[in-house]
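**Q** Chain B: place on chain A using the hints.
The chain contents come next:
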Amino acid sequence: MTSTTTELVDYDDAIARFDPVLGIEVHVELGTRTKMFDGAPAGFGEEPNTSVTPVSLGLPGSLPVVNGTAVEYAIRIGLALNCQIAESCRFARKNYFYPDVPKNFQTSQYDEPIAFEGHVDVELEDGTTFRVEIERAHMEEDAGKNTHVGGATGRIHGAEYSLVDYNRAGIPLVEIVTKPITGAGERAPEVARAYVQTLRDLFRALEVSEARMERGNVRADVNVSLRPTPDSPLGTRTETKNVNSFRSVERAVRYEISRQAGVLDAGGTIVQETRHWHEDTGITTSGRIKSDAEDYRYFPEPDLVPIAPDRAWVEEIRASLPELPAARRRRLQGEWGYADAEMRDVVNAGAVELIEATTAAGASPAAARKWWMGELARTAKQQEVELAELPITPAQIGQLQRLVDEGRINDKLARQVLEGVLAGEGDPEAVVQARGLEVVSDDGPLLAAIDDALAAQPDIADKIRSGNLGPVGAIIGAVMKATRGQADAGRVRELVLERVQAG
Amino acid sequence: MSSLSRDEVARVAGLARIDLTPAEIDRLAGELDVIVEAVASVSEIATPDVPATSHPLPMTNVFRTDEPVAPLDRDAVLAAAPAAQDGKFLVPQILGEDA
Numbered sequence: 001m002t003s004t005t006t007e008l009v010d011y012d013d014a015i016a017r018f019d020p021v022l023g024i025e026v027h028v029e030l031g032t033r034t035k036m037f038d039g040a041p042a043g044f045g046e047e048p049n050t051s052v053t054p055v056s057l058g059l060p061g062s063l064p065v066v067n068g069t070a071v072e073y074a075i076r077i078g079l080a081l082n083c084q085i086a087e088s089c090r091f092a093r094k095n096y097f098y099p100d101v102p103k104n105f106q107t108s109q110y111d112e113p114i115a116f117e118g119h120v121d122v123e124l125e126d127g128t129t130f131r132v133e134i135e136r137a138h139m140e141e142d143a144g145k146n147t148h149v150g151g152a153t154g155r156i157h158g159a160e161y162s163l164v165d166y167n168r169a170g171i172p173l174v175e176i177v178t179k180p181i182t183g184a185g186e187r188a189p190e191v192a193r194a195y196v197q198t199l200r201d202l203f204r205a206l207e208v209s210e211a212r213m214e215r216g217n218v219r220a221d222v223n224v225s226l227r228p229t230p231d232s233p234l235g236t237r238t239e240t241k242n243v244n245s246f247r248s249v250e251r252a253v254r255y256e257i258s259r260q261a262g263v264l265d266a267g268g269t270i271v272q273e274t275r276h277w278h279e280d281t282g283i284t285t286s287g288r289i290k291s292d293a294e295d296y297r298y299f300p301e302p303d304l305v306p307i308a309p310d311r312a313w314v315e316e317i318r319a320s321l322p323e324l325p326a327a328r329r330r331r332l333q334g335e336w337g338y339a340d341a342e343m344r345d346v347v348n349a350g351a352v353e354l355i356e357a358t359t360a361a362g363a364s365p366a367a368a369r370k371w372w373m374g375e376l377a378r379t380a381k382q383q384e385v386e387l388a389e390l391p392i393t394p395a396q397i398g399q400l401q402r403l404v405d406e407g408r409i410n411d412k413l414a415r416q417v418l419e420g421v422l423a424g425e426g427d428p429e430a431v432v433q434a435r436g437l438e439v440v441s442d443d444g445p446l447l448a449a450i451d452d453a454l455a456a457q458p459d460i461a462d463k464i465r466s467g468n469l470g471p472v473g474a475i476i477g478a479v480m481k482a483t484r485g486q487a488d489a490g491r492v493r494e495l496v497l498e499r500v501q502a503g
Numbered sequence: 001m002s003s004l005s006r007d008e009v010a011r012v013a014g015l016a017r018i019d020l021t022p023a024e025i026d027r028l029a030g031e032l033d034v035i036v037e038a039v040a041s042v043s044e045i046a047t048p049d050v051p052a053t054s055h056p057l058p059m060t061n062v063f064r065t066d067e068p069v070a071p072l073d074r075d076a077v078l079a080a081a082p083a084a085q086d087g088k089f090l091v092p093q094i095l096g097e098d099a
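Chains as they are written, first to last, in UniProt numbering: chain A, 1 to 503; chain B, 1 to 99.
The following block holds chain A by itself, in its conformation from the complex (with noise of 0.2 Å):
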């Protein structure tokens, strides 16, 4: 176990003294609609134990059957890495004692991946690319989930006992697992980051998972190791397990290599070991020293035959893959008209599916991007939040900007319609209704707001009357103080020089 009092070296200054190397390991959870290896219907947010069969409760003469859906996915998702597919491969037993795991062992693979040898190019926020290698993807089965019981903080130490839950025990994981990643320097947070939500994009455009994040669908275990330099040989690495949102792998990198360097200037080595990450406060810690290859004594799965895609069927699914996130932001970059510097703040916010579903709805793309990378991209960090979690949809928006390219609303009034939308007030046009905040049409009140400015500011009828229009804005402006924003500016305009004249 290492210290636990370790003093951090400034993250700048660490960058500056070591070469950081990662190695990020991502699950992803399968979307079928059954487990890996038997019927059990594979849902999210059962009841507990009510998704098992004798398969996922590990019972004696249970055997496993594969699910073909899952090793189409896999095959998907090793192809959109551009890996190679295993003519064959077979399924291993990783045995360990966990409650989570029934059988105690998990059925993975280990040494024939069923993908291997890839590469998948990351997009950073700066539009540049970095290409992160892809040493193989392998097909296994989640575990159960366990909730310590008794004890202050909910996690095992100082619990009495645990409550076991299986329906997660046997969905479909494909864990893609990188070659050391090297080169990235002071970029290490970033590229893990970028790394990670690539995948996750990935997953998503393929189909093979609704890959949630906050569901725990995708989870990552990210290795840091630092060595002097890049012509060192590697350092001893940390694996930092289950970071479960992109900006945590961020920061969990980065909390990595600050402590770790602290480590290594106060003459201390880097233990090989897996530790947490603590969300709310920002750091890790040491967890279990992490066990040799050779403890799980890894064996063939006897109960299952070895699978060798057919080359036909591989090319099959090859060809039947969707466009892949980073085509398709080209695409819709040309679509859209956007500049680059605006569609990479565009990505970078989280924003592409928001716009694209806010097109759909009817906004324009410019419409769109202005509601999305403005007013809500402002509020989002605000509350810091994702753009995404805003309690807002695309089809509000859509809404939101029909009312305003139907004059029924101004663009100041269309910011009151957005506070009342996001404070669960409801659509915008219920807003519009409860709030009363409809642009006044009626020429009424307005002739009547107008007749009180020109009246209070005498001189500038006059100025008006003789030809000079620069005052007018002064008597919009009055109007508008007066009907609360309420009027419509254009419409104002026209009445006060009909006023003018008239008079």
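Incorrect hints may have been included.
Said to hold, decoys possible - Computed far set for chain A versus chain B, every beta-carbon distance over 12 Å: (1) R215; (2) D295; (3) L324; (4) N348; (5) E386; (6) G407; (7) L422; (8) A430; (9) G436.
Unchecked claim - So the derived label-pair ranges between C-beta atoms look like this: (10) A:T147 with B:V69: 25 to 35 Å; (11) A:G61 with B:P58: 17 to 27 Å; (12) A:T147 with B:L20: 39 to 49 Å; (13) A:E323 with B:P58: 58 to 68 Å.
Simulated from the structure, these hints should not be mistaken for lab results.
Glycine included, C-beta positions come from ideal geometry on N, C-alpha and C.
**A** Using the frame of chain A, we list chain B on its own:
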């Protein structure tokens, strides 16, 4: 092949969750050594061009269609467990490892 040390036997026993007395470790170190040597003699016959066999039958690609079956009744499942609570299996405190 080298002989198995007492430490190795103790470690393997630990991995397999088998509680051995020092006397048992001594005895098993000798017995396992004989077994390991016997198995190792296979490698004298198997040359590198003989692929390892994990399955005696030449079968591949036995797949199931992705169709759900009815899960087990939860009450029946939990009735078979030593203890349960809130629809979940109750297991003793887990020590020395992490989730």
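**Q** Okay, which hints does this one fail, numbers in order?
**A** Hints 2, 12, 13 not satisfied by this model.
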